[in-house]
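Listed below are the residues making up each chain.
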Amino acid sequence: MAAWAFLLCGAAGAQQQETRPAAPQSSAAASTEATNGGGKLDDAELRTEGEKRFHANCGRCHQAPQKFPPRMMATIVRHMRVRATLTEKDMQAILAYMTQ
Amino acid sequence: MRSISLSVGRRGWLRIAAGLIVLFVAPVVHAQSDASDSTALIKPVPVFSVQTGFITTFEGGTPHLGPLVTPLLLVPVGDKWLIETRGTLESDLAPQPGSPGFKGSLESNVDYLQLDYIANKYVTVSVGRYLTPFGIYNERLYPIFIRDLQTDPLILGIEAGEYGAGTGAMLRGGFDVAQGVEFNYAAYFSANSTVEHMESDRAAGFRAGVFLPGPRLEVGGSFQHLLQEERKNSFGFHFEWQPMPLPLDLRAEYARSYDGSGYWIESAYKLSQVPVWRNTMRHVQVVARMQQFFVNPEVVEEEGDAAGFTANTNMFEIGVNYYFRDDFRFVSSYGRQFAPQGGNENVWTIGMTYRVALPVGHGDIR
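Those protein sequences? They're chains G and H, same order as listed.
To convert a position in the first sequence, counted from 1, into my numbering, add 737.
To convert a position in the second sequence, counted from 1, into my numbering, add 14.
Worth flagging that the hints you see were computed from the coordinates, not collected in a lab.
These numbers were taken from a predicted model, which means no experiment stands behind them.
Below, in silico cross-link-like pairs of lysine to aspartate or glutamate (DMTMM-like), each with a Cα-Cα straight-line distance of 25 Å or less: (1) H:Lys57 - G:Asp780; (2) G:Lys804 - G:Asp779; (3) H:Lys57 - G:Asp779; (4) G:Lys804 - H:Asp93; (5) H:Lys246 - H:Glu317; (6) G:Lys789 - H:Asp190; (7) H:Lys284 - H:Asp340; (8) H:Lys94 - H:Asp190; (9) H:Lys94 - G:Glu788; (10) H:Lys57 - G:Glu782.
Starting from the given sequences, assemble the full structure and let the hints guide the process.
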């Protein structure tokens, strides 16, 4: 019971940090572009693409997770790139969606 | 003779080296042009996660209490490296005849402890102890907070082997092969390991799959050759589909080896489209799974069982899960197992699963 209480308290604390998407990124990040099949995507398009890829890829195995802080998300997406054999474009688009 | 074999060996090494250069270095030039600056700005931080659950199972009327804790640690190093490890602490507490209460021992295991190097967009190299990439269940669906039904598929013994993990090296990756078509693969070699809590068999194998993100459909196949004892081959196929208009997951696997063959088919439906009690229904998931396992009678006769079974076994299960959040849920299921010679029994499960993930460091932007 104590372990459950500890974990639930930890979750409640972490959840406040995790449930909300991160604040808008720095201007450097906001002005960035990524490629998609030879064409360029701006941040808004990358987020839209990321949302699509997020539901298609992550939903294959589990429920859609809540958003974590950006630096945490970068690690988790790298982990999932290896674990779920995500493509590089999937990883970039999902990371952009999950951190903005 | 020795000089000849050395010269052939040297030539072989040169060929391998040339192949590795082509495999790892050449694509980097192309990959660099695809790198996204926005994602590169985010410096990853180590992550510690705990997945835990308490599952009570009634098998043929006998209760089993199953507490389980699975710690996971991810340590990114630089832009290309990742150290990842997961362990399991679990127990199966059951009543013992003639003594009060529930008794059982604590079991611990290192599920994986691997170093990953993302060489380029096509190849990731993993070394260490890794989950056997055969089919989809062992590597992707096994964690307690992911699996929709808490009982293992009957064919898990074929696809994951005795230990569910290998010790050695693996090449893996996923990449686009055409617009809307992704290819993923994993090829591995495992050495025999007798290290306590980190055992593995000597084996080699691969898995390959094609994923269509548009219709959300994946199909693939796996093969493994055991390089010890009976030197048996195993192969299998997997299928996943999440049809776009429905909150429905369809998954299936087939596996065959010298021990026997079998399959499972599972569907999981989230009731978010039910027009009544929407706030409650959107948290509810109903699951159904059908599976069969056919033993090789020769193996049963020689060894007493085949992948843990003494006779052909069928099982049907239905379950209801309630998601308080994506990482915290109530799970329950009822299953009926059919096997000759008194193997018919009801299997009930009920429990809770939970996962927490915490950064080990600051969660800001570089």
